[in-house]
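Visitor: Put together the whole structure using the sequences plus the hints.
Read off the chains here:
6 protein chains.
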Amino acid sequence: MSDKKKPIQPVSGTIVPRYAGPSTFARLPELRDVEECDVAIVGVPFDAGTSYRPGARFGPQSVRQASRQLRTNYHPNYDVEPFKVQQVADAGDIACNPFDIDEAIKQIEKGSIELLQKVGSIVTIGGDHTIALPLLRSINKKVGGPVALVHFDAHLDTWDTYFGAPYTHGTPFRRAREEKLFLDDASMHIGIRGPLYSTNDLKNDRELGFKTIHCDEFQTNTIDQIVKRIKDRIGNNPLYISIDIDVLDPAHAPGTGTPEVAGMTTREILNVLRGLAGSQLVSADVVEVAPAYDHAELTSTAAATIVYELINIIARNPK
Amino acid sequence: MSDKKKPIQPVSGTIVPRYAGPSTFARLPELRDVEECDVAIVGVPFDAGTSYRPGARFGPQSVRQASRQLRTNYHPNYDVEPFKVQQVADAGDIACNPFDIDEAIKQIEKGSIELLQKVGSIVTIGGDHTIALPLLRSINKKVGGPVALVHFDAHLDTWDTYFGAPYTHGTPFRRAREEKLFLDDASMHIGIRGPLYSTNDLKNDRELGFKTIHCDEFQTNTIDQIVKRIKDRIGNNPLYISIDIDVLDPAHAPGTGTPEVAGMTTREILNVLRGLAGSQLVSADVVEVAPAYDHAELTSTAAATIVYELINIIARNPK
Amino acid sequence: MSDKKKPIQPVSGTIVPRYAGPSTFARLPELRDVEECDVAIVGVPFDAGTSYRPGARFGPQSVRQASRQLRTNYHPNYDVEPFKVQQVADAGDIACNPFDIDEAIKQIEKGSIELLQKVGSIVTIGGDHTIALPLLRSINKKVGGPVALVHFDAHLDTWDTYFGAPYTHGTPFRRAREEKLFLDDASMHIGIRGPLYSTNDLKNDRELGFKTIHCDEFQTNTIDQIVKRIKDRIGNNPLYISIDIDVLDPAHAPGTGTPEVAGMTTREILNVLRGLAGSQLVSADVVEVAPAYDHAELTSTAAATIVYELINIIARNPK
Amino acid sequence: MSDKKKPIQPVSGTIVPRYAGPSTFARLPELRDVEECDVAIVGVPFDAGTSYRPGARFGPQSVRQASRQLRTNYHPNYDVEPFKVQQVADAGDIACNPFDIDEAIKQIEKGSIELLQKVGSIVTIGGDHTIALPLLRSINKKVGGPVALVHFDAHLDTWDTYFGAPYTHGTPFRRAREEKLFLDDASMHIGIRGPLYSTNDLKNDRELGFKTIHCDEFQTNTIDQIVKRIKDRIGNNPLYISIDIDVLDPAHAPGTGTPEVAGMTTREILNVLRGLAGSQLVSADVVEVAPAYDHAELTSTAAATIVYELINIIARNPK
Amino acid sequence: MSDKKKPIQPVSGTIVPRYAGPSTFARLPELRDVEECDVAIVGVPFDAGTSYRPGARFGPQSVRQASRQLRTNYHPNYDVEPFKVQQVADAGDIACNPFDIDEAIKQIEKGSIELLQKVGSIVTIGGDHTIALPLLRSINKKVGGPVALVHFDAHLDTWDTYFGAPYTHGTPFRRAREEKLFLDDASMHIGIRGPLYSTNDLKNDRELGFKTIHCDEFQTNTIDQIVKRIKDRIGNNPLYISIDIDVLDPAHAPGTGTPEVAGMTTREILNVLRGLAGSQLVSADVVEVAPAYDHAELTSTAAATIVYELINIIARNPK
Amino acid sequence: MSDKKKPIQPVSGTIVPRYAGPSTFARLPELRDVEECDVAIVGVPFDAGTSYRPGARFGPQSVRQASRQLRTNYHPNYDVEPFKVQQVADAGDIACNPFDIDEAIKQIEKGSIELLQKVGSIVTIGGDHTIALPLLRSINKKVGGPVALVHFDAHLDTWDTYFGAPYTHGTPFRRAREEKLFLDDASMHIGIRGPLYSTNDLKNDRELGFKTIHCDEFQTNTIDQIVKRIKDRIGNNPLYISIDIDVLDPAHAPGTGTPEVAGMTTREILNVLRGLAGSQLVSADVVEVAPAYDHAELTSTAAATIVYELINIIARNPK
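Residue numbers (this note's numbering), protein chains in the order written: chain A, 4 to 322; chain B, 4 to 322; chain C, 4 to 322; chain D, 4 to 322; chain E, 4 to 322; chain F, 4 to 322.
It is worth saying that the hints were derived from the structure and are not from the lab.
Any given hint could be a false lead.
Copies of the same chain are indistinguishable here, so a pair counts whether it falls within one copy or spans any two.
Stated by the list, open to error - No more than 27 Å apart at the CA atoms, straight line, and that leaves these computed lysine-lysine pairs for BS3-like:
hint : residue 1 : residue 2
1    : LYS121    : LYS9
2    : LYS8      : LYS322
3    : LYS109    : LYS87
4    : LYS231    : LYS9
5    : LYS183    : LYS231
6    : LYS9      : LYS206
7    : LYS87     : LYS206
8    : LYS214    : LYS121
Guide: Pasting the structure below:
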């Protein structure tokens, strides 16, 4: 951002209690309230691509609500004041059609392109994983080509079609590969686990250009080892991170559409993300928070914290 | 049914505890297990037409689970043994596409037509209210023309389109009227309440052929008075009853997609239904049970009981 | 109680906040802390007689917890200070065998007889309805013969056996009748509703000496009319009231084992109970609170309030 | 409002799905977005005056969240388009000190006075009932003297002190009376029920100038009769309505701090409010929504609907 | 199974959405639908042996419901298609008396013996741990002698009696030892933790022939080390695995009767089970799922996944 | 304790089922029932110092309720029978003013001093963390000077003021340091994590005399290493342990006021505590259990178990 302006800060928790005040993410200013914006938080409340438990349409508002509680001034793990070194703002929601997946994808693509014309990076709160496809399209447009993709998820999300539908929450990365939206030599799944629909799933997936860090590997590898494998894979490429909250164990994130046991802890994912500081993170999404299945804001709080970590990574991006 | 056969009964609660045994509605036989069938219970787990809280796709299984607890041998209000005078069976679910409303509607229509070729009547468990349209089409085909329609709901469900979509859970009865699927001089809304999208809503609705018993009228009318108004309206026409569970007050049915306060009690709806004994009920549906928002099976138990009452009305149909 | 003593009062809410202090019912003194006791509250945490949802074993503690919130000094409907005109105390729980119904019944009978030797009346918190049988035995012993029985319940609880078991929560009043524990010309069911196991249920029940006020009658009768029918039936006989919390609608009491829709409201039951002031209430029970299915202490608060109303009726007993 | 301007409308549910878009009440414009404002919705997230279950600090955000679902264009009971005949906007929250009741009361008074200088009326979402005192002070200042007060509540809230504290959620109306903030010949409690702390409670209360419609009277009176008694009492005086959500039965409003069984239904309160159309409603509050104890947004939806009804009454105010 | 037949597969999730279709485990065929059966899933809904929180009687149906979501075609950890190499089917529930533990045990023994005459192996879903005793008897009969027993549990379940009852959920393995149902030199507890009833508990337990892997050892040992200890202990003996779901930490399995903190994660137990591939698993049970205490199907999903893992182990059994 | 007396034991779970009997912690005797007391469990139900989610006022009763389930006779990790080698009793609650933090702090200080005159040690159940200050004052008085302080928490709790309030749940340890209540060369935070309010937070904290074991270090250090660092730090000084339950991950302790993801597991904290056996633990507290946000007693059970572990440490104190 221009060095003349001091970023507008979130409402302070010492003046307005955290349970009061604006409903923006972390009580940040709205996008319309800032002159320039480095990072925008945007909601995409869409879940018509869900195959099992729906409800991620309520994800953005619940993650914003949980984000009230974040203490955000200074992050010691990144040694940065993420809202001081860059202007962060809440861009509201991209409205999209709940009854027509194709139209919704167009609306998300259009909305995110328009937003990326105004801001440097976006961190999107889903919605189901269908939305990753139009978001990747917009990011490619912004960056001028494909990105390294790091995909945290219990599931591969690289099926071909589901009930004949090419665009659902189980297929975005196959479509993205077909459209060459990510670098096939610099992308990764992290946290994959569980049985598969077919013996071909993993093979197909490898052919799409992914390497995988299986969730079980967190049982035998240190975080440092895992971080190194990710960094080696992504290199210096511009990076997009897509996080399906079901990469977390259901104990840590019950409020999601297709929970899968034996997942990551929040401590593991935060430490992996912190290891990625220094990468060139161009944008990111956090998807599949379904609040109707949440309890005590467990899942929303995890997602809000992850969004905040992503903002910190961007704050530490190399210039 | 042929008088040679004795109907196969539900599994007895004195032999197999109610929490055990088959997961069919009321632990009835499956359709494939009976030679002839008078009334089939069928699930339509579809909720892609939902505008607010999704989750009615889990309605059929949750209503079946709650129906385990029903004591079903003899209903004193109808003075009938509904599973002795007719064969009732569970026909399972009609599978339909979660990602394509148009295809799903075709699947529901096809599935229910095929079912009605095998059985006398169906009582359908939704799913969202979108499904009422293909069900009415099938019933028209079965009956050979339009039916009297009694529609219990907090909302009119006669909007034109929503987000450009003609087929959603807010529009089935406008489409049905356009297709002349119900008798415009013998149909009724019951339980309507709350503010409206437009001053034209009620006017438009009347032009579609509905009369309305507003929910507030239960505060000033006796059940007998209300029953009389309904019976006068429907006459001797073949009758279809469509019950959106949100006609009940949220205190009685929290687990639904668009709850509206100031609704009916379960005692009121059961007494109204019992008043309709002697009508010619050809089929019925109970929709919009969204278990993710339910508590202690409140909503599912209400819906299961209502399904059972409908079976009793059919058992008392004039020959 | 002897007129020399002033009753020991519950802990005052103006000195110790209601969420603090002793866990006795309404923060009353323990039985061991008073010299004489007119009314004892006693828990019977037993649920091995449950046919569907178990968990009433946690009823006594949850009702006591909910009772913390009761404001109890003066009851304007009875115009009495129920803890000033009589000594009320909490007698703790009667421990009983969770694995052997027969032994548990003996323990409950023994425990309640011993308690009734020390106190004037007991109000028992269940536990499932199985416990009404040994309690009636003890009351008969105390009173010297059968009592008028007013039974609030969704279900008759007069089956013969269930899985061959003569003592379960569905059979206590058939056993009680066989043992002539209540007056067959002065007893009543109130709130009965729903379908039945057999066409004989109601007939059998009448032969056992019950009259019934069906729950639907609350839709057409005033409370005064219903109270009058009850009072006419019970006359001046010593009265035992047994209240299955499922007499309430599940909206008012979700936390119970066999919920039945179309039930009474809490406003209806409280007004009926208040109408019974002036009867000779010798003891009472409130059963079938299953907290695992409760929400926000709805059911426990209803039960605690009902226990408190019963204490007020006893306070107003004719001398 | 000036007749030159057309009021800015809430975001339309046919363009932006109701689960998306701004988090203001009913997705209304923010106060800063309108030039003139007739009615402002304002949150007062304060609960340090709570004696039992805390958590009403989360009331404003949860009521706003539930208000997303309201269909608001036209209210047939009032025959008015409440957002067309007046400008309504969301004024956000009045921040107040969670640790110091006295300072918080000053902040609420100051904040509401400032707000009332800008807008015609306010409808406040609490917070606990402590806030009614500073709100009444501000209204008196706005109106230029005391108002008729209609107070819906299970409890009198006219105690003197509690733990020595003069300002808590149990005392606002005694303080208000001492400060002569309401007309002692035109004020009323509605929905009072339950036992009392002392035999003097009702007597004291009458001396403060209240008449009471006991909740049990809804069992024996028609809504019309009750409305008439209220209207006769308030006359043509400027009216302030204060609604403690616990006036509703816990079945209808479990999410509150001191639930009391045997309460009003939502159908009853809405019908009473609708009867008050034509009064001169100057401002109002809805308090004591404690979302941690709510389920499926039952309580928040009831409160949001009541806020909307109050807006309609103001829309119908005589000029 | 005979190599002529191709196993009947579960209903495909690409034809019938997972929330629809049959309620059998993983939507497998019913036992009556297959000619031969290698592995049967069977429910034993019995919880009268429970000492604290009851409700495991609802375990089988809730585990089946959660199993809908399993993707089951191919398990990469075992490199097997478990439903292709063997016929798996759902055998329904064994009905047993809820009021008489002794009779229930006989019914379970009889039911499982009859089932094992028809199928190769059974994986039983409880029900409380009482059922392990009759199941072990049946397995002994099938195998022709005692088996190696691997018992995952927070508790030893080797008490002598409880309230005089020899058969409860705390005693099955002491009874089993007395009946010599397992090999005292090849059996193990895994996951034991927490304080004990007596200093003798562990000593007694060792005398019964158990070795123990304490849950804390997962903090200091690798999964490989633990697997090796188990495999060394069981040798090549026919193996029975009994899994009390409370071996998991309550964060992973809240829905159980006697939760004990500091437990295993789902990732740990799945990895241990996968390490046991190659053993001769003859049958297994998963018990103590009490859905009333579950949230978002956390516990049921864990149990369903474990059942599926056990099916995979059997699929990999040495011939 | 004097060696003449045998300690009075908790009510035995083999005589009175655990869900029955007294509501004291672990069903221990009340303090008034024992002649001498080594360790008293005391509740301080106070939460007016809470900045986000309130409700810890219900902590003591919910922890006591969860403690019913503890098996307590013998703890193998400590090899001690903690209720045999010392008399432990429940001292009830210290009543304190919910509306006045200053008065409440005085009441807690006075109450705990009086209690410590009667008993050797106290283990306090909160209540919010505000209470640690008056408790430390009392302990200093008892011990005759400052103590080593081991503070388990997600947060530093060493802010200066919050909304001008010097005494809140975020400030106790700054006040304690100012009053020199703990040894600045022997105190530690454990489990700290998450972003901070300011870059100065950690620096200020170090100046107050704390060293910190960050929660992430549990990812890279063994429990033994961590225990050694703690023991080295505290030396042989008298030790006070203050445990904010939010030191646990929200998956393990959802029911708290300011949850912070990426926390400790219950297995980790229990193993650390067990490592501290042999220290000179003079007293301890467990705070911030907010049951309204708990599920299935997860948090209360964790807290109850931790209280029990602390009793075991005291039982193993060097003489």
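Visitor: If a hint holds in the structure, say so; if it doesn't, say that too.
Guide: Okay, the hints, checked on the actual structure:
1. LYS121 x LYS9: Cα proximity of LYS121 and LYS9: one copy only (18 Å, versus 31 Å across).
2. LYS8 x LYS322: Only inside one copy: LYS8 and LYS322 sit 18 Å apart there, 49 Å across copies, limit 27 Å.
3. LYS109 x LYS87: Neither: 34 Å inside a chain and 33 Å across chains, both beyond 27 Å.
4. LYS231 x LYS9: neither (35 Å within a copy, 46 Å between copies)
5. LYS183 x LYS231: within (25 Å within a copy, 46 Å between copies)
6. LYS9 x LYS206: Result: close only across copies, 25 Å inter versus 50 Å intra.
7. LYS87 x LYS206: between (45 Å within a copy, 20 Å between copies)
8. LYS214 x LYS121: neither (33 Å within a copy, 45 Å between copies)
Comparing the model with each numbered hint stated earlier shows that hints 3, 4 and 8 do not hold.
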